[in-house]
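Chains as they are written, first to last, in the numbering used here: chain A, 1 to 204; chain B, 1001 to 1772.
Source of the hints: derived by calculation from the structure; they are not laboratory data.
Treat the hints loosely; a few may be bogus.
[As the list claims (entries may be wrong)] Capping the alpha-carbon separation at 25 Å, the derived lysine-lysine pairs in BS3-like fashion look like this:
#1 K62/A to K83/A
#2 K1305/B to K1665/B
#3 K1614/B to K1305/B
#4 K1146/B to K1532/B
#5 K83/A to K1070/B
#6 K1080/B to K182/A
#7 K81/A to K1047/B
#8 K1080/B to K204/A
#9 K42/A to K1027/B
#10 K1665/B to K1080/B
#11 K204/A to K1665/B
#12 K1070/B to K81/A
#13 K1070/B to K204/A
#14 K1139/B to K1242/B
#15 K1307/B to K1611/B
#16 K1291/B to K1307/B
#17 K179/A to K1027/B
#18 K1047/B to K182/A
#19 K1562/B to K1551/B
#20 K1047/B to K42/A
#21 K204/A to K1047/B
#22 K1047/B to K83/A
#23 K1070/B to K1047/B
[Stated by the list, open to error] Reference listing, derived: stretches of chain A covered by chain B, where coverage requires no fewer than 3 residues with Cβ under 8 Å from a Cβ of chain B:
#24 23-37
#25 150-161
#26 169-175
All of these numbers come straight from a predicted model, not from anything done at the bench.
Idealized CB from N, CA, C, for every residue including glycine.
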Amino acid sequence: MTTHEQGQAKRSPADWLLFVVGFVLFSALGFWGTPALLYAEKPQPFQFSHKLHMEQVSDGCKSCHYFREDGSFNGIPALEKCKDCHSDSPMGDTPEEKVFVEQYLNQNRDVPWLVYARQPDCVFFSHAAHAENAGLECAKCHGEHGGSTSLRRYEYNRLTGYSRDIWGWNILGLGGPPKRMKMDDCANCHRDNGVRDACFVCHK
Amino acid sequence: MNWDRRAFVKFAVGAVVGIHASPLVPKLMDDSAIWTQNWNWVPTPEKGALAFANSVNPETGTGVRARLIKGRLQGERLIKVEGNDEHPASRGGVAPLDIAAPQNMYYGDFRVQTPLIWDPLSGIHKAATWDQALDVVAKKLAELYKAGQGQTLAAIGDDGESVTGEILSRFMAAYGSPNLAFMPSAKQTLALAGWAMLGERNLGFDLDNAKYVVSFGTPLLEGFGSPVAVRKAFAGWRQDYKHTGTLVQVESRASVTASQADAWLACKPGAEAAVALGMCQVLVSQGLYDKGLAEGALGFGDTDKGKGFKALLDAQYTPAKVEALSGVPAKKLTETAVAFAKAAKAVAVCGPGNAGEPGRLFDFMAVLALNCLKGNLGKEGGLVVRQPLPLKPLGEALAPVAKPRLDALAGKRLVNGYDPLSLAKAALAGAPYKLGALLVVNCNPAYSGPQASQMAQMVKAAPFVVAVSAYLDETAKMAQVILPSGTWLESWGDSLTPYGSPVSLYGLHRPLVNPYPQAQSAGDALLALAAKLGGPVAQALPFATTEDALKARTGGLGDFAKLSQQSWWAQAKPAYGAPAMKTPSGKLEFFSMGLHNLLTAKASDGAAMDKTLKSLGVTLSGSAALMPHYEPIAASGGHGKLVLAASPGLRTSAASQTTAPWQVKVLDNTVLIHGKDLVVEINPATAAELHLREDDKVRVDSVAGGAEARVHLFAGVAPGMVYMPVGLGHYAPANAYTFERGGNYNRVAEATADPLSGTPVWSLTQVAVTKL
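For reference, chain A alone in the conformation it holds in the complex (with noise of 0.2 Å):
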């Protein structure tokens, strides 16, 4: 027996156990560390109720979120469009909309509300194309949001600046649309429905 031979056999399978304990822990740490450190939460100004919001108005969805004369797309309302039911004294007696009266309907500012659809600049992308010309239900990119009563939790990227939606909550980025907002989504919808994907259609 030559001494490398020796040296071979004083190992014991048990040292294979290393391996696989930094595999574990690496990989672990791959899976639940990235988010924890790539993503932070963004407070919205203040929680909203689609739920009570559509009780109150008499044309669903579209008495906000509607397409303008011009085709453009109103996509999150601006104060004026809230003002067209709130007056200076609160409606009801949630301490979301005293918020909302006194800190933006009164001193006459738009909510900055945090996006989490909002894609790059680099991206053309109209609304008509889609949900008038095609036909597409605005929940299959944006998710069913008529009923919720608040707001869903808003991460941002600390790299990119961009909301966690677009990525998709899985980490491992799986899924698509309303998981997941990638340019991968778009172009596999395009291919699928003979709709043209070549980089110009949106890269403009």
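Following the hints, position chain B against chain A.
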């Protein structure tokens, strides 16, 4: 189990494999890529509300929608110029010059940002306030005025029809100087030709509805009238890959228009009018003409007073004779003429030359005669009369200035025009009096000419020069006082019907953004100067701003607020129907009584008339001299053996709006090569005689000036010719992108006066080509 080196390595390998099995690496790579898009030095427009505003580019007549971002901390920013779908002429299209406008506007180094006054001690222009600059100018002008030397002020403007042009005209008339000239344009020539034959100055070609178009040497697809409107009409002739309309180009070079045409009649340079007259002869000899109109016209048939136009055609312009004059085969000419005569909606088109020059009166008259014989006058797809724009004058007409003109040629001319070149020649000669001061408004004659070298000499020699300019261009940098004017995107102004449009169009532009707050409308600068001068000048211009002047001017176009929002006004549709002839005879005139009356005012009998005509450079005598006929162009110069002509392009600008930085980048190797060398086209046979090869460096010299260039051999150009692109060769160093890129056609071309009209023309110049 020992914690030794091997155990550690196992753990480390496990860790590395583990971390790679997690999404950390791909996720961080993706985020890093996105992070690079958001570096704070990457230029991205600041967020703000998007807004659109309408305007009309006075240079191209294109109706545009400007995209603006509002609500930014640094003020509004204009980010893009797009087509306006609602504009009746341009219908959503844009020309390179339109989309280049924002880049020019934000080109801070090249813009005049504040009033500048020349400081002779330090040898540079020094920044001043508007008040200081206007005081310097007003003091000088008041001195001249008080000394009874008002007439020694001369002015050169860009467009005499615009509101700025009218303000300048009133300013000069009230100040007491007759020496005002505007840049010559083909609009003047077409108006004059129309007046001479039909008594009508507002003529247009109904290209949209025409199905057979013959273009006589005009750059139809490379800058004719409103370039976008013409391209839209062309698109109508080429639908679904089918040729629904026929385009025939008569030209000496295989230009873009010729290559896109269904037929190209390659003719000798400058002989396009002979081809038009040859077609007239075919129409008449084969009985394919509008007999009712022609027989009733003045000067068609022979009378006891002399031979008519028909006899002139038969004597001089039979296809065989035209073949000798123009080089177009008689058979081909006859075929084209017959096809033209038989086509339902056919029009013959004349227009500006390839260098944007105004064209020659007799050439235009020959084309109008062809249209009249075809019988397309006032018909759909033919030659139509526009409704005059209902604009109001800025005040009561001012009495003509009694002082003599500086331009000694004035008395000799048949048509009482004034052009910058004769002004420059007279100013340099210093007779009958010397120039006291020069006012240049929104144009750059030292670069764009006519005959740039002569214009530059005049500006240099003038004792006091005031330039109202948006850019630190060739003319402005020679001025004693520079007053900053705004571009059309940031100032008030207007533009009238583009050349050749079948309907009257009015374009209004207003300030959309204001990146340089000191820059004002050129009209505002003149109004402020008038107010400073006081007296009759201030009385003639009782407006505080150009906006007020525009309100007065457009009183007949409806609500001003609405008009300025819409930015254009248009005649609803072309006015079809036989027009009433407003000629002295009340008929169509092949023999122009209008021109004859002007001539009899100068010469009493036939012999004296012939002498006068000869002195004006008309080769024919008797009644034929006042009919549409072909005047061979004696290429001016007497210098060298070759003849220089221009090759046009939509990517460069030879006129007042300067070529933008990106436009220089998109020029191909047949215009600009090796980054900075101008390319001239020469026929391979001619090049062989001169022992020139492709890419040889040469110097092209005329009596007017010269330019260096590289040779490009091209069989599509006529032998014996040199074709040079226009719009390059700037020498104002403030524009680093156009500075010394290529040579300037306008410095090589020599301008001569057109017979009869006296307008400068610079389409052909004799040159010598020397290999370097």
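Any hints this thing doesn't respect? Which numbers, in order?
2, 6, 14
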